[in-house]
Amino acid sequence: MQLFIRRYGTLIGFVAILVFFSAMLPGTFPTAKNWLNITQQVSMLMVVAAGMTVVMVMGDFDLSVGSAASLAGIVAALMMAAGQPIWASVAVALLVGLLGGAFNGVMVSLVGILPFIATLATMTMFSGLAFVVSGGKTISGRAIPEDFGNFARGGIPLGEWGGVAISLPNLSIIAVVVVLAVWVLLEQTTYGRRLYAIGGNMEAAHLSGIAVKRLRLIAFSLTGLAAAAGGLMYASRVASANPVQGSGLMLNAIAAVFLGTTMSRHGEPRILATVVGVIVLGVLDNGLTQMSVDSYVRQVLVGALILLAVAASSVTQGRR
Amino acid sequence: MAPPVPLLSATSVTKAYAGVPALSGASLVVAPGEIHALMGENGAGKSTLIKILAGVVAPDTAEIAVNGERVSIDSTKAAYRLGLRFIHQEFNVVPTLSVAENIFMGRRYPRRAGLFVDWVKLNREAQRALDRLGIDHINPSQNLGTLSLGDQMLVRISAALLDDAKLYVMDEPTAALTRDESERLFRVLREIRASGSSVLYVSHRLDEIMALCDKATVLRDGRSIDSGSMADITHDDLVSMMIGRKVEEAYPKPQSQPREATVFAASGLATPGLKPVSLSLREGEVLGIAGLSGSGQSELIRAIFGDAKLTAGTMTLAGAPYTPSSPAAAWQSGVAYVPRERRAEGLVMRRPIFENITLAHLTRQSRAGIWLTPNREKRFAAELGANMRLKVVGPQQDVLELSGGNQQKVVFAKAVAGNPRLLLLEEPTRGVDVGAKFDIYSIVRELTAGGAAVILVSSDLPELIGISTRIAVMRQGEITTVVDAAGLREDDLINLCYGRPTGMVA
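Chains A and B are the protein sequences, given in the same order. Residue numbering for the first sequence follows the numbering used here, beginning at 221 and increasing consecutively. Residue numbering for the second sequence follows the numbering used here, beginning at 126 and increasing consecutively.
Bear in mind the hints are in silico, worked out from the structure with no lab data behind them. No incorrect hints appear here.
Short derived list, chain A residues pointing at chain B, Cβ under 8 Å:
| id | residue |
| --- | --- |
| 1 | R413 |
| 2 | L427 |
| 3 | G429 |
| 4 | I430 |
| 5 | A431 |
| 6 | H486 |
Don't be surprised by glycine CBs; every beta carbon is placed ideally from N, CA and C.
Please model the entire structure based on the sequences and the hints provided.
Written out as structure tokens, the structure is:
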């Protein structure tokens, strides 16, 4: 029974939330349009959290993803404002994220700084850089090519549902692709297996011939890459970039992974569990907004929910 | 004369976990002034019985009496009040605090003016506790983390001895101790016995038990067997009680003689903790490494395994130069390693058996070195496991759920899975029961029969003598002597370890 609550408590809570919102908002909540909307709303967070899952599998984490996302958005926007093609701007922004992540990886695995300290430092560095290169200004309006902003508004039409035309948003498709890629990486490849071994026992992994340092470096690079992708999606969605727009992503991404860990056997992060965590956060946000709950109250509720889920799983996980 | 009232009597103890019986009507009766051994293979119910006595686990049924009075031990506090003290394998100590602070942990520190800790007095009292064990090389004000594991254990024991208790329960106290440290501990245990208190001594080391204990209770499949007086039984009697059948041999005989061809040679191998060492191993040979703990054995192994920076020296493996830059390179060259601490260094406890076994061989145990093939891995692990008599539900079971002996077999399975040419073993049977030990030795024999060479570091001297072809003795970071193991006497080996002259003819 305890085990049941530990493993499925979060899922049961999720279902309760769904039932609650469906009862309170019967006309607008349980509709295909709203659900497709939710998938778009959470797509940025989904991508960043998927990247976060990769480092958290090793027992590390990355506080710099929010700043990296902002920086990537700024870099792309500046390049586009300077007349560079969209593809080049996006590519350079992703590269910035990859290199930023690799820098984290070097600090953590080669220099040997604790991830908390190293990524706290790079968090402020990336954020500062975003301000420096942008001059602290929001880049928007005509500086941003229309095609870039249109991408986030577009999607694949799915026909009509209840008399409303609905479509699968492009951003949601990207999120699904990223989640699939991370799932393949973590669950189907030797790389993922080795990351889980590092997370379980770093010394045993090292003595079993795993190149712990190199794998950690790669993992942090991937997390940086995902953060940049999340930042670009955000910039596309609002057709603008400012140096702080990714700042909310970091805490939510970590929260989503933690929510996910409450559902796994030994509390290890799993990508599909992270997906559930992200959707829980997204549904709460969506439902509470529709019920016009004040955004500050929303923060309190979301924080309390995370505590509840993690507490329930650790309390039942054996006391003493 | 009526028999004396037992100090502790626990009878008809039963306990089942989720329907699986751990204890089914076991009894344990300890007389006052007795050192009583509690024995049994891993999984026989020892730890469950101890946890029941400690008030950590509630029995399904049990009649427990202390000094003839019925009691129920429903909490660790109750056990403490009854005068029972527990010294566990996994020590709960704080390495960043001083020795004295660790000794007084959970007790009231001596104070000045009722407010300030009286550090001088604290250290003095801690010193007294250490003195009682005859420990003069530990300074109470130094950080516990700076001590060797053995010394840390001694500190724990001296803390438990601080207040006089009726019964001290010690779970494998000598696992991390050197011979000298163990002897010191045994002296104290005998003093405790002389003062009328008792000791319940849990160990896998039969020689220790034969020498130290007055009686034994042997657990097998959740039931207990009373050994009677230790003076009336032999080593082999004890082993048969534990495994429930007669044993012919503690160590399986080699299946073949070592061959001529050299598998591995090191010449002038040196690292910061290792003075230049040269050695060579032939096919099928087991080279034992003896020595006091910390004499450079681990450094030597780590150097061969590519996990240390060489300052000098060269190695060859199967005739070719061997220059491992990392454990990964060592595995690739066909060198396998069973580390000293299986939980800390050998296993990923919360992952399945098959993942642990293939962890060092994923490049081959996958498609193109990239794509996992779990079904193939599981079949591979199951075959390997069956071959070494691994007693598990299946290859997908988490290592966490296995007994110590089976966990060690998983470490061995990982080591032999790649058919190594050279196998490095450090304390391969520490904390492993008799049956599993024999299985592990058989694996070693099978490997050497196939032409592999083995380097065996062990503090278990009978094991060294029983398994090795030759034994190299290390002292202060270098090899001082190499002797043939056949016919070697234990006390001669001890003398060699201490650098004392032996009665041996060279």
